[in-house]
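Q: Given next are the chains, with one letter for each unit.
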Amino acid sequence: MQPPEADRPDDNQLQAWLHRSLYRFDCPSPHALGEYDLDLLPPEQRTQIAAHVVDCDECRTELTTLRAFLSQPIELPDSVFARARRLVATLMAPAPRPVYGGLRGNAEPTVRVYEIEDVTITVDAGDSAGSLIGLVMVTSSPPEQLLGRQVRLLPAAGPPLVAELDDIGNFEFAGAAAGEYVLELELPESLIVIEALRVD
Amino acid sequence: MLRQVPLGELAHRCREETLRFVRGESRDDAYCFEVFARAVVARDDEAWAAIVAQYRGMVLAYVSQHSAAAAIRESDEYWINRAFQRFWTAVGADRFGQFPDLPALLKYLKLCVHSVLMDEVRTRRARTSTSLEEVAEAAAPASNTERSVLGALVGEQLWAAVLRHVQDDAEREVAHLSFARDLKPAEIFDRHPQLFDSVADVYRIKRNLIERLRRSPEIRDFLAP
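Keeping their order, the protein sequence lines are chains A and U. Taking the numbering used here, the leading residue of the first sequence gets 502, the next gets one more, and so forth. Taking the numbering used here, the leading residue of the second sequence gets 17, the next gets one more, and so forth.
Read the hints as simulated data drawn from the structure, not as lab findings. Treat the numbers as computed from the prediction; the structure is a model and nothing was measured. One should not assume that every hint holds.
Claimed, not checked - Per the computed footprint, the stretches of chain U lying under chain A, defined by three or more beta-carbons under 8 angstroms from a beta-carbon of chain A, are:
hint, segment
1, 70-83
2, 170-179
3, 183-190
4, 222-233
C-beta: ideal position from N, C-alpha, C; glycine also.
Produce the entire structure from the sequences given, and follow the hints as far as they go.
A: Take a look at the structure:
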């Protein structure tokens, strides 16, 4: 039996619905097309897609888009390049000595001050053996903006020790074994490095 | 040996090597590859979180490079989440062996960016019989799952029903190229001039077919909720 005329969609409605329901229904998904192009599909599926692509202008256009996209060299945002800027801080005072010297009865001062551009890092031995405390000051930004920034103490071998700056720029490490370390401070625009920070 | 290294150290070394890559220096991909291996093969959530943290900036750069991205306004987080979700779903332990090195994995991640963008392009275009420039203005789809289920199941059944109403090759081509490929009558005529007398002939065939489909109880059944 025919449906009553009033219940039928008009031509435009039907055309829109057919289009919505059938558009590219018989095409491989963009992901399957991509796996085909990267030669990651099993032979049977690869053959099916190859046969489809021969007859489908839209899929060939998508493949062209994909190949152009994959062949583009990566253009990383400026912020990523900025973080790749590695700046080595210079020891300003005093002359290099073991930072734990004071803990072992050495009368020499243990405080070290390093500077690079507008960043000043002061490090000192902590209250207990194997601890290290520090203070970061960046003249171009208030201390609260440093909150949570990561500081890493990298030994020559083994996992790094990781600390975070508090809201006034303090950091602290505990349990460091004797040896020579690299200290890294991650800032938005750069990676600040103190090399050859010896802990005896 | 790297299998014995704690994840935290691996992730740190991976980051260092990536920065070397960014600076154009020589790098060692082994650390990042091992983090990928733990995430994909062992389904280690922490390793996967390290991968997302390490490569989200790269994924965002991929998105900004893609020709479709400018036409589809979505947040950065939307694309990042969808691309990583696509990778996670598509690559499991059984497939990890298909990726011999880190560049192969990152290329696949780039494919995931492409495929989620193109899914969106197809879905939006399916929602409107318009030019490509108007795709961006189309309403966002309810979900891609909805679209994929519709495409895979209902689409094939509906097309079979449509074929039962076409009378010759010319009508079949008009139906397929109009509904499944979104071509205008003039474009259909350009593709198959041997099938039609003129562009007006394509218009006439399309009108007749739509009218026939409109009166069909079988097609109407598909429209019923």
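Q: Next step is simple, just say for each hint if it's right about the structure.
A: Against the structure, the hints come out as follows:
{"no.": "1", "hint": "70-83", "verdict": "holds (count 9)"}
{"no.": "2", "hint": "170-179", "verdict": "holds (count 6)"}
{"no.": "3", "hint": "183-190", "verdict": "violated (count 0)"}
{"no.": "4", "hint": "222-233", "verdict": "holds (count 7)"}
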